[in-house]
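Please build the complete structure, drawing on both the sequences and the hints.
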Amino acid sequence: MAFRVILFVCMIGFLCQISADKIELAYNCHQLNGPDNDVCEKQAITGTTPGGTGTREKPSESCPRTTVRVQPEEYPDEEKHHVHPALTPSLFSNVPPTINFVLPDEDVDMLSPRIRNLLTVYHKGNDIALELAFKVGFAPTKDTQNWTMYFHEPFKPREVESFLNISPQQKFKFIPDSWTIGCKDRLTRNLQNMALIHGKKEYDFYPTTFVLPTDVNGLRQFSHSSTEDHVWIVKPYCYSKAAGIYMTRKWQDANRFRNAVVQRQVVCYKHQNY
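Quick note on numbering: the sequence shown equals residues -20 to -1, 1 to 254 in mature numbering (1 follows the signal peptide of the UniProt record, and there is no 0).
Errors might be hidden in some of the hints.
Claimed, not checked - Think about it this way: if two alpha-carbon atoms lie no more than 16 Å apart in a straight line, the pair counts; the simulated EDC-like pairs of lysine to aspartate or glutamate are:
hint, residue 1, residue 2
1, K153, D107
2, K115, D89
3, K115, D85
4, K151, E133
5, K122, E133
What the hints assert, rightly or not - Now the in silico label distances, taken between C-beta atoms and shown as ranges:
hint, residue 1, residue 2, range
6, V63, K180, 29 to 39 Å
7, Q150, Q232, 46 to 56 Å
8, M174, T194, 48 to 58 Å
9, P69, Q201, 58 to 68 Å
10, E139, I225, 22 to 32 Å
Don't read these hints as lab results, they were simulated from the structure. Beta carbons are placed, not taken as given, at the ideal position from N, Cα and C, and that holds for glycine.
Below is the structure:
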């Protein structure tokens, strides 16, 4: 118990000594510095310098003091906010840079007003794409001829001619007639025509396919002449979004009066002991 009392008294004496030193230093500054005594007193009590660096390296003549280093308060490094450039340079010297489209939660440098006044988008059906275009400076337009970016539905065959004379700076989402790749009936007809021109061997990767109702007789003849038990996939022409697709072993199950593609199921290699 006596040891604790002695230790407590020593601690009080040590703290009193520190307080006395600071008060004496403030008093000396007040006597020598005159109008600047408030500054010196603040330095003596808080332990900071006028510059806020937390280090006393050079004592002044009016307020003499020794060099005292104070550890500055540490703060966690804040995450640096990254802003993407407005343009993305090309890897080729003869290709101009492209506009940098960023995600909704990202920031990008804005192009100059002179360039932004030329950026227009003809748009329909995709609000997300329109939001990204607005973010980099595009403005909507209803003009079907004067636009910078065309983000619309795929071209129809009758619309292709109207896009043959577009300017080099005009960009559109689809290659003309590219929608025929996604439409199963058009894809089948195009591959069949190419097989007639270049030979069936070059296009044997495409399974036997019939487009109903036009090819219903061909489907019947193929099924009757084959001794194998085929599995058929019945699919709508296009825009089905995986709806209305089913499989059957009987070609009669396919509705002959419905627009559909009937395709022979390709047997997986592992089932044939390859």
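Do the hints match the structure? See the list:
no.	hint	verdict
1	K153 <-> D107	holds, 15 Å
2	K115 <-> D89	holds, 10 Å
3	K115 <-> D85	holds, 10 Å
4	K151 <-> E133	holds, 14 Å
5	K122 <-> E133	holds, 14 Å
6	V63 <-> K180: 29 to 39 Å	violated, 57 Å
7	Q150 <-> Q232: 46 to 56 Å	holds, 51 Å
8	M174 <-> T194: 48 to 58 Å	violated, 18 Å
9	P69 <-> Q201: 58 to 68 Å	holds, 59 Å
10	E139 <-> I225: 22 to 32 Å	holds, 29 Å
Hints 6, 8 from the list above are not met by this structure, while the remaining hints are.
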